[in-house]
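Engineer: Here's the letter readout for the chains.
2 protein chains.
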Amino acid sequence: MAEEKDIKGITVKKADDFSEWYSQVVQKAELADLRYNLKGFVCYMPWAVISIKKMYEKYEKLLEKNGHLPLIMPSLIPESNFHMESSHVEGFAPQVFWVTEAGNEKFEERLALRPTSETALYKMYSLWIRSYKDLPFKRYQSCQVWRYEGKATRPFFRAREFHWIEAHNVFATEEEARKQVLQDMEMTYQMLEQEFSIPIIFFERPQWDKFAGAVSTYAADALTESGKVIQLPSTHLLGTNFSKPFNVKFIDKDASEKYGFITCYGPAISRIYGAMVAILGDDKGIVLPFDLAPVQIVIVPILFKGSKEKVLEKCEEAEAMLKGMYSVQLDARDDMSAGEKFSKWELKGVPFRIEIGPKDVETNVAVVVNRFTKEKKAVDMKQLGRYIDEAARNYTRHLKEKKLFDFNSLIQKCETLEEAKKAIENKKIVCCGFCSLGMDAVKCAEVIETDLGAFVRGRKVTEEKNHFSSCIVCGKKAKDTVYIARSY
Amino acid sequence: MAEEKDIKGITVKKADDFSEWYSQVVQKAELADLRYNLKGFVCYMPWAVISIKKMYEKYEKLLEKNGHLPLIMPSLIPESNFHMESSHVEGFAPQVFWVTEAGNEKFEERLALRPTSETALYKMYSLWIRSYKDLPFKRYQSCQVWRYEGKATRPFFRAREFHWIEAHNVFATEEEARKQVLQDMEMTYQMLEQEFSIPIIFFERPQWDKFAGAVSTYAADALTESGKVIQLPSTHLLGTNFSKPFNVKFIDKDASEKYGFITCYGPAISRIYGAMVAILGDDKGIVLPFDLAPVQIVIVPILFKGSKEKVLEKCEEAEAMLKGMYSVQLDARDDMSAGEKFSKWELKGVPFRIEIGPKDVETNVAVVVNRFTKEKKAVDMKQLGRYIDEAARNYTRHLKEKKLFDFNSLIQKCETLEEAKKAIENKKIVCCGFCSLGMDAVKCAEVIETDLGAFVRGRKVTEEKNHFSSCIVCGKKAKDTVYIARSY
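Taken in order, these protein sequences are the chains called S and V.
Sequential numbering of the first sequence, starting at -5, is according to the working numbering.
Sequential numbering of the second sequence, starting at -5, is according to the working numbering.
This is chain S alone, in the form it adopts within the complex (with noise of 0.2 Å):
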């Protein structure tokens, strides 16, 4: 691609500045472009969505097999079916794109970009649920949703539009509509942490922090060495909060008529993307698991005159046994030096590359070089597949091992605001007492946003009980054991 040439590799040290290193490490590995001219959009590159794409179907095939179906909405919701539900509205009615006329005709009612599809959907809902027989309902849509973010953007991360999915199930009880939302916890580990090997952990958010129109929220946040979090996938308790408004009603067993109980899932899965590239890299740029990976194994040949068809011979040997299996890519242009190749590909965090000289092909050998652990390793050709059919089914448990680290490492226990503020300092995540998850802890939660820089992330979901007697800000009585982080 055209930028290949001025790739010269990151310049900063990720530790150091992790903003600068994650902007290099989007333009240089080629991941998405920054210079369309609409501020908040940007364009996702080949080598982003191929890997986004997989992330897609790995999701979805597992919310299929945990018996969600899926379906595809209209993207534009009238503004009336905002109405519906007036937290809902009053919470997205900030960050809604309108679309108010078309050719040359100005509409009566605007239509709203869904910023998320509630009432779109539930309206559709009160049509399609008619019985206990229907229930459980559970569908999904993959699809994109815009926000108009104040926030400063950030590709992946933070943008005016952005990639998910969205799930949105019914149930015939309050009891059955939790075992959901612990249903789309194990999904959301099972995917970030075992797929993606991201390590994440999951909070009740604060009732100021929760979904616009949700009982409960519980988010996943992402945890980085730097001690800062990222929210990753949350999964929403709406209750009957909805279903009332949108008349969302089923006859029961008892031909009485209910009220069923709704949740919805909505793992945003360019964010996770973002996520991924900015855990799992490194200085040398990004590292992706091995399923994942747009290539999967790079093969450079290192050309001397003389030797040249021999060693591209044997490279084509090495790409033939390798290509049935895994994605394979010979790099045998002219234009670039070896260790200009070699650079590029560890940008892109392609996880093998095998490299073959004049002195390998007269040995037989080939030289595998493993982006993760950094391992090089001299293979015979002969027991080249045999080799790399073990490392490949390594690699992602490697990357596992080393980055889903233990949540308590980064746990540091505070009775006072002045220990906060140092623990935060510290890059630790803050362990405390607080008075409420409830409205009533609003004041002392802007005390931890102005004092400390950082947010109450809520009460751990595996949390048994309060570990503490007192709030850290106002000092009464704390009804609950709270997380304190500053977020991406």
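The list treats identical chains as interchangeable, and a pair is accepted whether it falls inside one copy or across any two copies.
Pairs of lysine to any residue, SDA-like flavour, derived with a Cα cap of 20 Å:
(1) Lys59 x Pro288
(2) Lys247 x Ala166
(3) Lys397 x Glu189
(4) Lys59 x Ser321
(5) Lys59 x Met319
(6) Lys59 x Ile44
(7) Lys100 x Val83
(8) Lys33 x Asn98
(9) Lys55 x Ile44
(10) Lys59 x Glu313
(11) Lys304 x Val359
(12) Lys132 x Val289
Keep in mind that the hints were calculated from the coordinates and are not lab data.
Place chain V on chain S using the hints.
Structural biologist: Just chain V, lined up with the frame of chain S:
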């Protein structure tokens, strides 16, 4: 699903009233729901979406095999981009939905919901393409587009939001661009005919019917037994019409700067799905190619008191035998009769139904019914796997043999308007002489529309010479042999 109980089968014959048949099939097979509260926008239901996703997968795989890489572009395009190519904006302006505000803010410049992506992409192409080494440059994206259609909408066929793939390619020479147009046509035949069993023929469209901004447009018309055609994928030679205003240039080998030659190709997957439903379906409902069916085999137990358990056990045995290879559903619910189940799954186009009753258990036999050929066969349970394997392999082949008819059988050569009128009434496609495909022939084309209620589809791409001496309308010298047909 909720509607199931209301399914009573299609109440009209396809040949008697296609429009009513299509509406009933879409509703009763649960392909789309037209009750969404915004005109021209429909909800695509799981049964259709599962097939549509498989169609996307096949198409994307073929595009990638032919050297196209995927990308994702913003769906909003600043109005100024549109004005860069004058005939393009003129053609599309009446169809564009405009975003004019977000949150509480009114925009200074309107943003188009993309009706197609040329004006977003080519601005980026001018940044991405620099040298002949970047060429050919082949990209595609799978996305939706929005067009404010004035014509009556029909689910899948014509909607204000539809789902397509758009490929946009840049070449160093016109010759290479023309080769891409040929490859696009080949891909169309490979997908539509070989995979989806839809008979098509490619026409070079007249100048008055080409894509806004193109040099030439080549469009596939799908052929229906009624003689009416449906426009399906089209590929456009844009030449340098867009590369000049958008500055898509490259440095050639001789160091001179040149404009790239652009082609674009737009298979509308949701529309192709509609054509497939329309063309392959019969009076019992829809028919699907084997690969695309959401459920490929349904097992229906014939239940009587006293033998229920035995029968169900045998059904489960059949299910276990087949589910590793195929998408199998055992329909054991007890609130529907076996006959109702037969009708339901025929309506939904499941390729094979396996019936097992008490007598079959005794003789260790299953009855396999083919949805398309209607063939019914008692198969020894021990042979069931092998029988289904072969029947599955042949299913789509039989469909194609029956549905891919010879274009020539529909054609009637005509010398006078009177003859042509009769031919059109007799559901034929007219082949005749025409002034030309240029703008000088627009008046004659208008006569065809008003007098015959039909349209000049263009020159057959494989037509080698002109067969007629004079234009069927004005009698002047005919430069071209054209085809005239009614269309959906």
